[in-house]
Amino acid sequence: MQLLFKNSSVVGLVLLIMSTASVSGIGPLMTGEIEDGDAQRVEMPRLPGSFHRAIEWMAPEGTEVKPGDLVLKLDPGDLETQQETAEIRIDEEQTSIDSQLASHELSIFDAETNLYRLESALTIAELNAMVPKETIPALTYERNRLALLNATNALKRGISQLENAIFARDEYIPLAESKMDRTRGELDRLSDALEKTEVFAEQPGLIIYAEHPYTGLKIFPGESYSAGTLLLIVASRDVLQFRFWVHESDVRKLELGDTVLVTPDAVGSTAIGTSITWISSQASEREDWSNSGYFEVVTRPSEIIPESFIPGMSVMGELVN
Numbered sequence: 199m200q201l202l203f204k205n206s207s208v209v210g211l212v213l214l215i216m217s218t219a220s221v222s223g224i225g226p227l228m229t230g231e232i233e234d235g236d237a238q239r240v241e242m243p244r245l246p247g248s249f250h251r252a253i254e255w256m257a258p259e260g261t262e263v264k265p266g267d268l269v270l271k272l273d274p275g276d277l278e279t280q281q282e283t284a285e286i287r288i289d290e291e292q293t294s295i296d297s298q299l300a301s302h303e304l305s306i307f308d309a310e311t312n313l314y315r316l317e318s319a320l321t322i323a324e325l326n327a328m329v330p331k332e333t334i335p336a337l338t339y340e341r342n343r344l345a346l347l348n349a350t351n352a353l354k355r356g357i358s359q360l361e362n363a364i365f366a367r368d369e370y371i372p373l374a375e376s377k378m379d380r381t382r383g384e385l386d387r388l389s390d391a392l393e394k395t396e397v398f399a400e401q402p403g404l405i406i407y408a409e410h411p412y413t414g415l416k417i418f419p420g421e422s423y424s425a426g427t428l429l430l431i432v433a434s435r436d437v438l439q440f441r442f443w444v445h446e447s448d449v450r451k452l453e454l455g456d457t458v459l460v461t462p463d464a465v466g467s468t469a470i471g472t473s474i475t476w477i478s479s480q481a482s483e484r485e486d487w488s489n490s491g492y493f494e495v496v497t498r499p500s501e502i503i504p505e506s507f508i509p510g511m512s513v514m515g516e517l518v519n
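Per this note's numbering, the sequence shown starts with residue 199, numbered consecutively.
Quick caveat, the hints were computed from the structure, so don't treat them as lab data. Hints should not be assumed to be uniformly reliable.
[Claimed, not checked] In silico lysine-lysine, BS3-like type, Cα no more than 25 Å apart, as pairs: (1) Lys271 x Lys416; (2) Lys394 x Lys416; (3) Lys264 x Lys416; (4) Lys264 x Lys394; (5) Lys394 x Lys271.
[Claimed, not checked] Per label pair, the in silico range of CB-to-CB distance: (6) Phe418 x Arg367: 19 to 29 Å; (7) Tyr314 x Arg244: 35 to 45 Å; (8) Ser301 x Gly420: 21 to 31 Å; (9) Ala464 x Arg380: 26 to 36 Å; (10) Gln292 x Ala327: 46 to 56 Å; (11) Glu446 x Asp386: 29 to 39 Å; (12) Pro265 x Arg244: 20 to 30 Å; (13) Thr338 x Gln298: 42 to 52 Å; (14) Thr311 x Arg380: 18 to 28 Å; (15) Glu446 x Ser424: 21 to 31 Å; (16) Arg380 x Glu501: 33 to 43 Å.
The model shown is predicted, which means the values in this text are computed figures rather than measured ones. Heads up, the beta-carbon is just placed ideally off N, CA and C, and yes, glycines get one too.
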């Protein structure tokens, strides 16, 4: 099956030859490949710690996979260590929060106990102050009045102390919860990142390695790529289309809706009619082809596709005037 997939260097050479031929008057020809228009596209995820990430393993190109099969594994780097550190930090913060809450509850308990004592002292002071002035010495009477004033003020301070203790606890709880939420969020972020280092097939199809958008070289395990880079696709025959790379000297000859006759390299005489549905607005360089720019062109079939057409096959396209 792997013999069916195009070699980018050979394709570049063919493109260069065809662009020269078209300039000579033979007419614009195109080279490209069959692709699944609804394929599962696997891109390099944006993971914490590094904008680039190495591919540890990829399912062999041309392999048929089913939903749930592992198709790609990335090097996790230090993500596992960061996850373990985050788990330890959660345990430590939970211990600290429990200790702080216990301290706040103890302060409230002490304030409540002290308040009960102060209320009892005030009750006694009130009873003593109720003794008629003429029945006790004047000094004792004044002392009772002073004791009542002091007990009243002490009770006010006790109430304030209890209110402050409750306020401190109630103020601490949301702060502690917010801090714990941030720590748990960091753990969730790392756990999610680790999950993204393994990618599984979501649909049945063939594994096709992508090409680097700047070099045109195939994506391979062991190499590092930046976030957002297309790494591979899982393609089926459900929604086939054709993607071509057209030399910058030929792209002006193409228009949306033009008919392109497509012939797979591996099939030879089998050809079908297609219609141009998309033309890129900007050229890109293909370092292993030439220094020229190449535009992408997508065509969709206008007739039933033969069973021999398989995603990943190299194809030739001829503009039908």
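Notebook entry, point to check: CB of serine 301 to CB of glycine 420, is that within 21 to 31 Å?
Noted result: violated, 54 Å
Checklist line | Beta-carbon spacing of proline 265 to arginine 244 - inside the hinted bounds 20 to 30 Å or not | finding: About 25 Å separates the Cβ atoms of proline 265 and arginine 244, which means 20 to 30 Å holds.
Margin query: Holds or violated: lysine 271 and lysine 416, Cα atoms, limit 25 Å.
Written below: With Cα atoms ~17 Å apart, lysine 271 and lysine 416 stay inside 25 Å; holds.
Note to self: Within 26 to 36 Å: is that where the Cβ-Cβ distance between alanine 464 and arginine 380 falls?
What the structure shows: violated, 56 Å
Next item on the list: Assess, step by step, whether the Cα of lysine 394 is no farther than 25 Å from the Cα of lysine 271, and give holds or violated.
Entry: Roughly 9 Å separates the two Cα atoms, so the pair holds.
Notebook entry, point to check: When you check the alpha-carbon spacing of lysine 394 and lysine 416, does it fall within 25 Å?
Noted result: holds, 22 Å
Notebook entry, point to check: Range hint 29 to 39 Å: satisfied by the CB atoms of glutamate 446 and aspartate 386?
Noted result: Since the Cβ atoms of glutamate 446 and aspartate 386 sit about 47 Å apart, the hinted range of 29 to 39 Å is violated.
Notebook entry, point to check: Taking the beta carbons of phenylalanine 418 and arginine 367, is their distance inside 19 to 29 Å?
Noted result: violated, 59 Å
Notebook entry, point to check: CB of threonine 338 to CB of glutamine 298, is that within 42 to 52 Å?
Noted result: holds, 48 Å
Notebook entry, point to check: Is it true that the C-beta distance of arginine 380 to glutamate 501 lies inside 33 to 43 Å, as the hint says?
Noted result: With a Cβ separation near 58 Å, arginine 380 and glutamate 501 fall outside 33 to 43 Å, so the hint is violated.
Next item on the list: Kindly confirm whether 18 to 28 Å is satisfied by the beta carbon distance between threonine 311 and arginine 380.
Entry: violated, 36 Å
Check: Within 25 Å, alpha carbon to alpha carbon, are lysine 264 and lysine 416?
Finding: holds, 23 Å
This entry does not satisfy hints 6, 7, 8, 9, 11, 14, 16, going by the numbered hints stated previously.
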